[in-house]
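Asks: With the hints as extra help, turn the sequences into a complete structure.
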Amino acid sequence: DGGITQSPKYLFRKEGQNVTLSCEQNLNHDAMYWYRQDPGQGLRLIYYSQIVNDFQKGDIAEGYSVSREKKESFPLTVTSAQKNPTAFYLCASSPREGRRTYEQYFGPGTRLTVT
Amino acid sequence: AQKVTQAQTEISVVEKEDVTLDCVYETRDTTYYLFWYKQPPSGELVFLIRRNSFDEQNEISGRYSWNFQKSTSSFNFTITASQVVDSAVYFCALSGGAGGTSYGKLTFGQGTILTVHP
Numbered sequence: 001d002g003g004i005t006q007s008p009k010y011l012f013r014k015e016g017q018n019v020t021l022s023c024e025q026n027l028n029h030d031a032m033y034w035y036r037q038d039p040g041q042g043l044r045l046i047y048y049s050q051i052v053n054d055f056q057k058g059d060i061a062e063g064y065s066v067s068r069e070k071k072e073s074f075p076l077t078v079t080s081a082q083k084n085p086t087a088f089y090l091c092a093s094s095p096r097e098g099r100r101t102y103e104q105y106f107g108p109g110t111r112l113t114v115t
Numbered sequence: 001a002q003k004v005t006q007a008q009t010e011i012s013v014v015e016k017e018d019v020t021l022d023c024v025y026e027t028r029d030t031t032y033y034l035f036w037y038k039q040p041p042s043g044e045l046v047f048l049i050r051r052n053s054f055d056e057q058n059e060i061s062g063r064y065s066w067n068f069q070k071s072t073s074s075f076n077f078t079i080t081a082s083q084v085v086d087s088a089v090y091f092c093a094l095s096g097g098a099g100g101t102s103y104g105k106l107t108f109g110q111g112t113i114l115t116v117h118p
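Those protein sequences? They're chains Y and R, same order as listed. No gaps in the numbering here: position 46 of the first sequence is 46 in the working numbering, and each next residue is one more. No gaps in the numbering here: position 64 of the second sequence is 64 in the working numbering, and each next residue is one more.
If you're looking for bench data, these hints aren't it; they were derived computationally from the structure. Note that beta-carbon positions come from the ideal geometry of N, C-alpha and C, so glycine has one too. Check each hint, because a few of them may be wrong.
Said to hold, decoys possible - Here are the simulated DSS-like cross-link-like pairs (lysine-lysine), alpha carbons at most 30 Å apart as the crow flies: (1) R:Lys16 <-> R:Lys38; (2) Y:Lys70 <-> Y:Lys9; (3) R:Lys38 <-> Y:Lys57; (4) Y:Lys9 <-> R:Lys38; (5) R:Lys3 <-> Y:Lys83; (6) Y:Lys71 <-> R:Lys38; (7) Y:Lys57 <-> R:Lys3.
As the list claims (entries may be wrong) - Chain Y side only, calculated, beta carbon under 10 Å to chain R, not exhaustive: (8) Ala31; (9) Gly40; (10) Arg44; (11) Leu45; (12) Asp59; (13) Ala61; (14) Phe88; (15) Thr101; (16) Tyr102; (17) Glu103; (18) Tyr105.
Replies: Here it is, written out as structure tokens:
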């Protein structure tokens, strides 16, 4: 079955440590996205990538970094510079052509807790 | 800049009632796309519908229907004969079309928490 996988589902880290969240898709989508969701709020875009080896900052990129070396993978690193990293992180992907262009499909999310 | 506003933070209904979730948007793009997503307690967002700015035809899918009115910048979502399984957070979202500043980027509303009681 095609889909998006994020691992792990729950992640705990100590303050001051960098942590990398995994996102893998086998939908053959060109574009991939990372969002952050805080309790009672909508999703905010962190980074997105329209094509391999290229990515752009979203609305809240400070304290985060990404890479896009493979079409299937778009890992997100939450660095120690992120002041309030505890949140629910969602990865998404979308095709860039065809009938489903612009439709973003989401993974199950990773809930990160930093203490 | 794009903006999406969902008027209701929380809605509570009894099973079999109809319920409408409101969504109002702002954009300067001439071509744009509107979406609704459902987020059940598991957390994963489930895609429900995409509507193109140049297509104002309303759509019905089973118990779900969507009313897009460009004149009022609204894209409302109605669930007919609600069921307990409809309980979730529902998000309205907006994306700019190709050539626009918000191309491929989703701007989400704050979400509406829908609780359907048996």
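Asks: The structure should be examined with respect to each hint, and the outcome stated for every one.
Replies: Comparing the hints with the structure gives:
With a C-alpha separation of about 19 Å, the suggested pair Lys16 of chain R and Lys38 of chain R falls inside the 30 Å cut-off, and the hint holds. Straight-line distance between C-alpha atoms of Lys70 of chain Y and Lys9 of chain Y comes to about 22 Å, which keeps the hinted pair within the 30 Å bound. The hinted pair formed by Lys38 of chain R and Lys57 of chain Y meets the criterion: a straight-line CA distance of about 26 Å does not exceed 30 Å. Proximity of Lys9 of chain Y to Lys38 of chain R is assessed by CA-CA distance (about 19 Å); at most 30 Å being required, the pair is judged to hold.
About 25 Å separates the Cα atoms of Lys3 of chain R and Lys83 of chain Y, which keeps this hinted pair within 30 Å; it holds. Restraint check: the Cα-Cα separation between Lys71 of chain Y and Lys38 of chain R comes to about 27 Å, which is no more than 30 Å; the hinted pair holds. Using a Cα cut-off of 30 Å, the hinted pair Lys57 of chain Y and Lys3 of chain R holds, with the two alpha carbons roughly 18 Å apart. Taken as an interface hint, Ala31 of chain Y checks out: its beta carbon lies about 6 Å from the nearest beta carbon of chain R, inside 10 Å.
A distance limit of 10 Å between C-beta atoms decides the matter here; for Gly40 of chain Y the minimum to chain R is near 8 Å, and the interface restraint holds. Contact between Arg44 of chain Y and chain R, as hinted, is supported at the beta carbon level, the nearest pair being about 8 Å apart and thus within 10 Å. A hinted interface residue such as Leu45 of chain Y counts as satisfied when its beta carbon comes closer than 10 Å to some beta carbon of chain R; here the least separation is about 6 Å, so the hint holds. Hint on Asp59 of chain Y holds. Least Cβ distance to chain R is approximately 9 Å, under the 10 Å limit.
For Ala61 of chain Y, the interface hint is violated, since its Cβ never comes within 10 Å of a Cβ in chain R; the closest pair sits about 12 Å apart. Because the smallest distance between the Cβ of Phe88 of chain Y and any Cβ of chain R comes to about 6 Å, under 10 Å, the interface hint for this residue holds. Checking Thr101 of chain Y against chain R: minimum C-beta separation of about 9 Å stays under 10 Å; hint holds. For Tyr102 of chain Y, the interface hint holds, the least distance from its beta-carbon to any beta-carbon of chain R being 5 Å, beneath 10 Å.
Contact between Glu103 of chain Y and chain R, as hinted, is supported at the beta carbon level, the nearest pair being about 5 Å apart and thus within 10 Å. Below 10 Å, beta-carbon pairs count as interface contacts, and Tyr105 of chain Y has one with chain R at about 6 Å; its hint therefore holds.
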